[in-house]
Amino acid sequence: MLEIKNLHASVEGREILRGVDLTVRAGEVHAIMGPNGSGKSTLAQVLGGHPAYTVAEGSVLFEGKDLLAMKPEDRAREGVFVAFQYPVAIRGITNAYFLRSAVNAIRKHRGEEELGPVEFMDRLEDKLQVIGWDSSYLSRPVNDGFSGGEKKRNEILQMAVLEPKLAILDETDSGLDIDALKTVAHTVDKLRRPDNATVLVTHYYRILTHIAPDFVHVLSDGRIVKSGGKDLALELEEKGYDWIREGAAVA
Amino acid sequence: MSSGIEAQVLQPYKYGFVTDIESEVVPPGLSEDVVRLLSHKKGEPEWMCEWRLRAYRNWLKMSEPHWANVRYGPINYQGISYYAAPKQRPQVESLEQVDPKLLETFEKLGIPLGEQKRLAGVAVDAVFDSVSVATTFREELGKLGIVFCSISEAIREHPQLVQKYLGSVVPYNDNFFAALNSAVFTDGSFAYVPKGVRCPLELSTYFRINASSTGQFERTLVIADEGSYVSYLEGCSAPVRDENQLHAAVVELVALDNATIKYSTIQNWYPGDEEGRGGIYNFVTKRGKCLGKDSKISWTQVETGSAITWKYPGCILQGDNSIGEFYSVAVTNQRQQADTGTKMIHIGKNTRSTIVSKGISAGRGQNTYRGLVKILKGAEHARNYSQCDSMLIGDQCGAHTFPYIDVRNSTAIMEHEASTSKIGEDQIFYCKQRGLSAEDAVGMIVNGFCREVFKELPMEFAVEAQRLLGISLEGSVG
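Line by line, the protein sequences give chains W and D.
Residues in the first sequence are numbered consecutively from 21, following my numbering.
Residues in the second sequence are numbered consecutively from 2, following my numbering.
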């Protein structure tokens with residue numbers, strides 16, 4: 021589904037990614053871990069197509085198509101979703117309106133009929149229940165006045181509604197209390213299907229106790245320096261990142 | 002909106018067509034004789050002609066104001082024609098007698114006037130260049146005692162009301178442009194809502210400038226008698242021309258005891274091209290007087306057109322407990338300039354005013370908010386809340402705020418909030434990452450920013466306003 025080869029990317033002239041290789045197949049959950057400043061968020065932003073990041077080298081194929089050549093909105097319409105670490109607020113626009121506009125933009129792209137407000141609301145009911153929200157959240161402006169945890173939940177709600185093929189969750193777990201973490205993790209787990217894939221970018225082990233990843237990768241200084249199964253996450257939790265760094269330096 | 006704005010954004014100014022119609026235009030130039038000729042053509046009584054001449058003589062002594070934060074070349078007042086009217090039979094008894102070309106013009110503008118097609122719930126007075134061509138729903142309104150007609154007709158048919166209130170809010174010597182208007186105004190709308198009547202229809206005037214080298218000087222007078230309610234809408238547009246055309250209107254509103262007037266404007270005059278050629282100079286004086294106690298006047302304006310906008314719809318809060326409101330969205334794109342805001346003059350006790358101003362600048366547009374809140378000595382326990390928000394799109398535009406506050410009574414409570422924001426790359430990226438196009442993203446962010454104002458507009462107008470905003474910001478984001 022996703023094939024990243026030798027990806028180099030920079031922001032404001034600083035090279036952050038220095039040759040990332042990663043392959044994600046349908047049905048898989050990958051966790052990308054690593055210390056602060058290792059390039060985890062940059063990877064998520066580059067895959068989303070943020071204009072502040074420039075790619076100097078490498079390739080990214082999504083379902084065989086050149087992802088880097090696509091505009092951000094086309095990536096989204098093709099099924100790439102990024103849950104942001106710091107979601108922005110949009111004043112005066114309700115969550116319901118925003119969600120419906122996004123769903124309809126994607127439906128239009130697929131040649132499907134756009135949904136009216138009533139039809140859309142019907143479909144939204146179950147998704148809301150999953151993340152434990154009542155409909156009052158739909159009439160609030162997008163992320164405006166939301167707490168950190170509410171913003172993160174809102175990202176997951178969007179993900180549940182948009183049903184992407186590939187979801188990239190950028191530190192969705194940070195800043196969540198234990199109950200919120202459980203809800204978010206549970207939702208992500210529930211959305212797993214044989215035909216979609218998830219990349220969890222995270223700093224902490226704890227979310228991985230709720231969502232069992234198929235693969236764990238360690239990103240350090242802009243490269244994936246170690247990959248393994250979910251046991252690798254546990255090892256990291258015990259030994260810390262320095263252990264990997266030293267290992268990488270030696271290798 | 003996803004399909005709506007996207008389609009709209011690609012359209013140029015869509016009201017820029019010219020109607021090919023034979024017009025009677027008086028030669029350019031202004032003098033006492035021209036004022037007399039004008040008054041004569043309209044069959045006005047002597048007192049009206051005298052009033053115009055007094056205004057004209059005052060105007061001669063005044064000079065054009067240049068304190069506004071806008072720039073433009075000198076205006077040649079002798080180069081303007083002060084009267085342009087489509088040639089037609091002098092007295093039109095019914096719509097069937099109106100020149101079909103005129104009806105067609107308004108239909109193209111989305112203002113059908115014919116019996117079968119006219120807008121439900123909205124009575125329209127259609128003004129084409131210097132004259133009112135048709136007013137719909139007159140009979141229906143007449144049954145309730147509501148007078149809704151052109152100001153020319155009101156001068157002839159309701160002289161007592163006109164004499165009593167014309168110039169009572171904006172005197173003929175108020176300012177340079179108001180004095181000019183008082184001397185040469187050609188038409189406009191008049192509305193009177195009698196005691197205790199709640200006007201069941203939206204009253205609306207649509208102004209269309211068509212002829213070239215002319216100015217439009219319309220005059221509107223709305224009077225709400227005790228305990229009445231009226232909602233008034235104003236729309237306007239003009240053809241695309243290389244020259245600058247002057248539009249100097251005066252609007253006066255009078256609210257008596259317990260009366261409410263809601264006045265909404267969507268201003269969509271031709272803004273000029275990318276290089277700043279052509280476009281309307283919109284130099285307008287609009288003021289309402291809350292004459293009676295517990296009266297209320299609410300202004301809502303959406304300003305998207307004009308090369309230059311110079312207007313400050315205000316409220317004189319004379320009656321005790323009266324309320325003044327001003328909700329404004331002003332958009333400047335390309336080389337448009339706007340200097341707009343409001344004046345709230347608190348005279349009566351317990352008077353309250355609310356100001357919500359949203360300025361959006363894009364391209365090389367310059368947007369200025371200028372507001373005055375004045376609390377006079379006798380205005381015990383007056384309150385004002387002001388909120389001025391500016392949004393910048395791109396890095397070549399400007400936003401300026403000049404709030405003047407003059408308080409002469411220590412019991413006053415004043416609140417002022419202001420913010421300036423830039424549509425961020427992050428905000429647009431966020432929307433795009435959810436599948437929205439750049440245009441849809443900007444449309445959504447801007448509409449969200451303006452929501453507090455749009456919700457004050459009557460329903461159909463709010464939809465129109467959102468759509469217009471999309472057109473006005475066309476091409477402002479790559």
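Keep in mind the hints are simulated off the structure, nothing from the lab.
We treat Cβ as the ideally placed atom computed from N, Cα and C, and that holds for glycine.
Careful, some of the hints might be misleading.
[Unchecked claim] Below, in silico cross-link-like pairs of lysine to aspartate or glutamate (EDC-like), each with a Cα-Cα straight-line distance of 16 Å or less: (1) W/Lys128 <-> W/Glu183; (2) D/Lys196 <-> D/Glu158; (3) W/Lys250 <-> W/Glu48; (4) W/Lys91 <-> D/Glu381; (5) D/Lys294 <-> D/Glu426; (6) W/Lys91 <-> D/Glu426.
[As the list claims (entries may be wrong)] Sample of chain W residues lacking proximity to chain D, with all beta carbon distances greater than 10 Å (derived): (7) Glu93; (8) Phe118; (9) Gly152; (10) Lys210; (11) Asp234.
Violations among the numbered hints: Hints 2, 4, 5, 7 and 8 not satisfied by this model.
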